[in-house]
Amino acid sequence: MSEHEKSVDQHVGELLSGMVDGELTQQQRQLVSLHCETCDECRENLENLRGLRQRIGNSQLSELGEDQWRENMNDKKVTTSRSIGWLMLVGGLLAIAGIFLIAFILSDEIHIGMKLILIAIYGGLATLLYSVLRQRLIEQKTDKYKDVEI
Amino acid sequence: MKNDDMKQQLVQMGNGAHALATQILGNADDAADAVHDAFAKVLRRPEAYDASNGPLKPWFFRIVRNRCIDLIRRRRPADDTVDELIDATPGPEGLAEISQRDEALQQALSELPSGQREIIVLRDYLDLSYVEIADIQEIAQGTVMSRLHRARMALKKELTRDE
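Protein sequences appear in the order of chains A and B. For the first sequence, the positions run 1 to 150 when the working numbering is used. For the second sequence, the positions run 1 to 163 when the working numbering is used.
None of these hints come from the bench; they were simulated from the model. A hint or two may mislead.
Taking lysine to aspartate or glutamate and the EDC-like style, the derived pairs with C-alpha atoms no more than 16 Å apart in a straight line are [unchecked claim]:
(1) B:K156 - A:E47
(2) B:K157 - A:E41
(3) B:K157 - B:E111
(4) B:K157 - A:E44
(5) B:K57 - B:E111
(6) B:K57 - B:D5
(7) B:K156 - B:D102
(8) B:K156 - A:E41
(9) B:K156 - A:E44
(10) B:K7 - B:D37
(11) B:K157 - A:E47
(12) B:K7 - B:E47
(13) B:K7 - A:D67
(14) B:K7 - A:E71
(15) B:K156 - A:E71
(16) B:K57 - B:D102
(17) B:K7 - A:E66
Since this is a predicted model, take the numbers as computed values, not measurements.
Just chain A, with the same shape it has in the complex:
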């Protein structure tokens, strides 16, 4: 006989916790009530469990205040330093790319035809990269199955 199919003369065990939490069916509640009318041990356990639940509910197991969590959540130092870091990295890379591009265009050592070919190759690569990145970004934002764990 399982814990949930007890007769009224048996100790009701875990059903006492279910009773305290209001998680029993009507039939189970009746069984526990009837049993506790005649069983001092289970009645005492039921009262103890109610007291324990109340005690834990009224306790303070973490003493950090809401302000602290708000501050923690909006930690400006972290978000600002991260933004500055990205800005510097992207800015630096763009500056280097610009300098090389200008030097390349103004260079007299490379024939104009070769310049156009190289610009077409690198321009094509850059366009392909942009296209793939854009597609990935759109997929990430719109894919409704992205959170499904396989």
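With the hints as your guide, set chain B onto chain A.
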């Protein structure tokens, strides 16, 4: 859900999440880090929360719990039995932060295995339903009552011993 509304709700859940993480990790400082990481994860992609799948509270606590488990695995990657790993008692700093009034309760809780501490906090401190607890702990709904009862009886025993 608007981002500001979500932030406000998360702020209100901060203490509960910290209490849960403290019971899992056994250390208040690590617990604060875990809650911070969970905040960052949620706010980085708030659209990941789908209100049609249930309230924000159990969803967020599940993220906090998973983050705690990640931290434990990172601490000791050789072991993979989470229940054994998280069976640590709070350090002196953690205990010092608990108010005098609840010290006996905290002490008794710290004597229990982490799984029992966690389920007690989820139900009796955070007031989550059995369905929500089953979802967070990834266990069958029918198992919650028996685990919770065993945990409560163990806590009662510890409290009686201390008092």
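Within 16 Å, alpha carbon to alpha carbon, are B:K157 and A:E44?
-> holds, 14 Å
Within a Cα-Cα threshold of 16 Å, do B:K157 and B:E111 meet the stated pairing?
-> holds, 10 Å
Please work out if B:K156 and A:E41 have their alpha carbons no farther apart than 16 Å.
-> holds, 14 Å
Take the C-alpha atoms of B:K156 and A:E47, compute the straight-line distance between them, and say whether it is at most 16 Å.
-> holds, 12 Å
Given the hinted pair B:K157 and A:E47, is their alpha-carbon gap at most 16 Å?
-> With Cα atoms ~15 Å apart, B:K157 and A:E47 stay inside 16 Å; holds.
Is B:K156 within 16 Å of A:E71, Cα to Cα?
-> Cα-Cα ~37 Å, so violated.
16 Å Cα cutoff - pair B:K57, B:E111 | violated, 27 Å
Sort out whether B:D5 lies within 16 Å of B:K57, counting only the CA atoms.
-> holds, 13 Å
16 Å limit on alpha-carbon distance, applied to hinted pair B:K157 and A:E41 = Given pair B:K157, A:E41 holds - Cα atoms ~15 Å apart, limit 16 Å.
Within a Cα-Cα threshold of 16 Å, do B:K7 and A:E71 meet the stated pairing?
-> holds, 11 Å
For the pair we were handed, B:K156 and B:D102, check the Cα-Cα distance against 16 Å.
-> Answer holds: B:K156 to B:D102 is near 15 Å, not above 16 Å.
Below or equal to 16 Å on CA atoms is what counts here, so check B:K7 against B:D37.
-> holds, 14 Å
Hints 5, 15 and 16 from the list above are not met by this structure, while the remaining hints are.
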